[in-house]
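Each protein sequence line maps, in turn, to chains A and B.
Using the numbering used here, you'd call the opening residue of the first sequence number 1 and step up by one each time.
Using the numbering used here, you'd call the opening residue of the second sequence number 1 and step up by one each time.
Worth double-checking, as some hints may not be accurate.
Stated by the list, open to error - Result set (DSBU-like, lysine-lysine): computed pairs, CA atoms no more than 30 Å apart in a straight line:
hint : chain 1 : residue 1 : chain 2 : residue 2
1    : A       : K123      : B       : K89
2    : B       : K5        : A       : K133
3    : B       : K248      : A       : K133
4    : A       : K217      : A       : K36
5    : A       : K163      : B       : K73
6    : A       : K68       : B       : K131
Keep in mind the hints are simulated off the structure, nothing from the lab.
Just so we're clear, the structure is a prediction, and the values are computed from it rather than from any experiment.
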Amino acid sequence: MIQIKDLHFAYPRQQALFSNLSVHLEPGSITGLLGKNGAGKTSLLKLLTGLLHPISGELSVMNHSPRKREVSMLSVIFFVPEEFYFPGTSIRNYFRAHAPFYPRFDIVMLERILREFELSDDKNLQRLSHGQKKKFLIAFALSTRCRLLVLDEPTNGLDIPSKALFRKILAGSLDEDQLVVISTHQVKDVENLIDKIIILDNGEVIFHHTIQEISQKVSFISGTSDDRAEAIYSEAVPGGYRLMVPNILEETEVDIELLFNAITNGHKIG
Amino acid sequence: MLLFKQSLVINKRRFTLGLSAFSGFLFIALFFAQSVHNYTNWGNKDYVSTFVSIFFSLGIAYSAFSFPPFRSKEKSMAYLMLPATNGEKFVYEILSRIVAFIVLMPLLFWTVANLEGTVIHYFFPELTNYKFSFSEGFLSIVKDGKFEFWALILTLQGILFIFIAPFAGASHFSKSPLLKTILTFSVVMLSYFLFTFLIVKSFNLEGLHHQRNSLLFMKDSQMVIELLGIAMVIVNLTLLTIAWFSLKEKEA
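Here chain A stands alone, though its shape is the one from the complex (with noise of 0.2 Å):
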């Protein structure tokens, strides 16, 4: 679905911020895009959406070249930036302006998860707080069944019985034609959702491995000073050691955070 090689991008007048990216994704999954500040997670998501246009390289969405903005691939992805934009009208007038433009538009789903938000569709957009926007733009992403559903940073501004909620309506409303890429440093509000990592450093992707690999080459435990040893990364937690140690008795559930920092501390998972 997304075929990334040897991508060369820069910002007008800086450095090159991708050199040769190369990344592949097929859809049926939801992938986790960590990274740390300014690493080019965000220019990433826009070079996919065609709101930036690599400078050499192969990009490929759905067999388009997302800098020439096709309706045909328009239509079948959807982009929840950071900061967004609502005009100053009823969730209703919204829905009805712009559903229309995406074949695929599922009414009774975005009826379902506005009800599971609490957003009724006579508030006026401009009037709703951000966390209430954002979880009305995701409900409206959601709905299109887009192909590729582009989200950055999307639990920034929700609250904490949201941030719960929007995994599990995340998890519950997609089909298996559909690929997710989450860009987010609150790791922890994707876990147990996502279920392919890449992390990206100094414009190079160091790590793509599937939830599932992860698990099967490394646990992740709590212990003492005297497991370090044992373990590829550890970091101090109160009251012991978070450890990172390779897989010989059982598959644990990932801890992204300390998987994220021993890679970019320069670990190997093996």
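Given chain A, work out where chain B should sit, using these hints.
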């Protein structure tokens, strides 16, 4: 078509309020202008001159804010991601910002002017010339009542240029598009005149006009009008092309 429907659903309240506010403003402005003329010294020519000044000043401002989503990054992203072709977005913008204005503004002015004239005449009977007619007004300006083909082309292209230039500027400049467009055109015009001046000086061409009773290769004013007409067509097409590529290659 979807873009028009979308815009109508989202902006119908704003359109209605804008049109009402403008009609009210026009009503008051005409009443004020007529009262300044003591009602008696007011005629169709005054209506036309009021119309021309409002038409162009408002038209420039309106077309200078074409592509309103480009004024902010968030709006740009939403607009660029909307599933419509660049061609549809471009045509929608031309139709809503230039064509609709050129067609609807005279209609609105005519309606408000005649309504206002009738109302004011009722209270101030000394206002006798209160019926406004475009054709009468313009025919009184165009002395012999007829236009040559090339003069008509030049006039139409000149009017279109007044709208297309700020339209192209708005597609290219995100912030302060009107100011930046005016500055850009000022620089282009100044450079052109400076270049022409230097050419004339360098090649000692000052006497050419008097010697052959012509301006370079142009023999009479008709040829000047033809050349300017063609030049204006080329300039307008170039500006539309710039606007098209600005939209097509726009990044968020």
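Checking one constraint from the list: CA of K123 of chain A to CA of K89 of chain B, max 30 Å. Satisfied? Satisfied, since the Cα-Cα distance of roughly 28 Å is no more than 30 Å.
Pairwise hint evaluation, K73 of chain B against K163 of chain A, where the allowed Cα distance is 30 Å at most: holds, 26 Å
K5 of chain B paired with K133 of chain A [C-alpha distance capped at 30 Å]: holds, 23 Å
Does the structure keep K217 of chain A and K36 of chain A at a Cα separation of 30 Å or less? holds, 24 Å
Going straight from one Cα to the other, do K68 of chain A and K131 of chain B come out at no more than 30 Å? The hint is violated at about 53 Å.
Between the alpha carbons of K248 of chain B and K133 of chain A, is the straight-line distance 30 Å or under? holds, 29 Å
Going down the numbered hints, you'll see the structure goes against just number 6.
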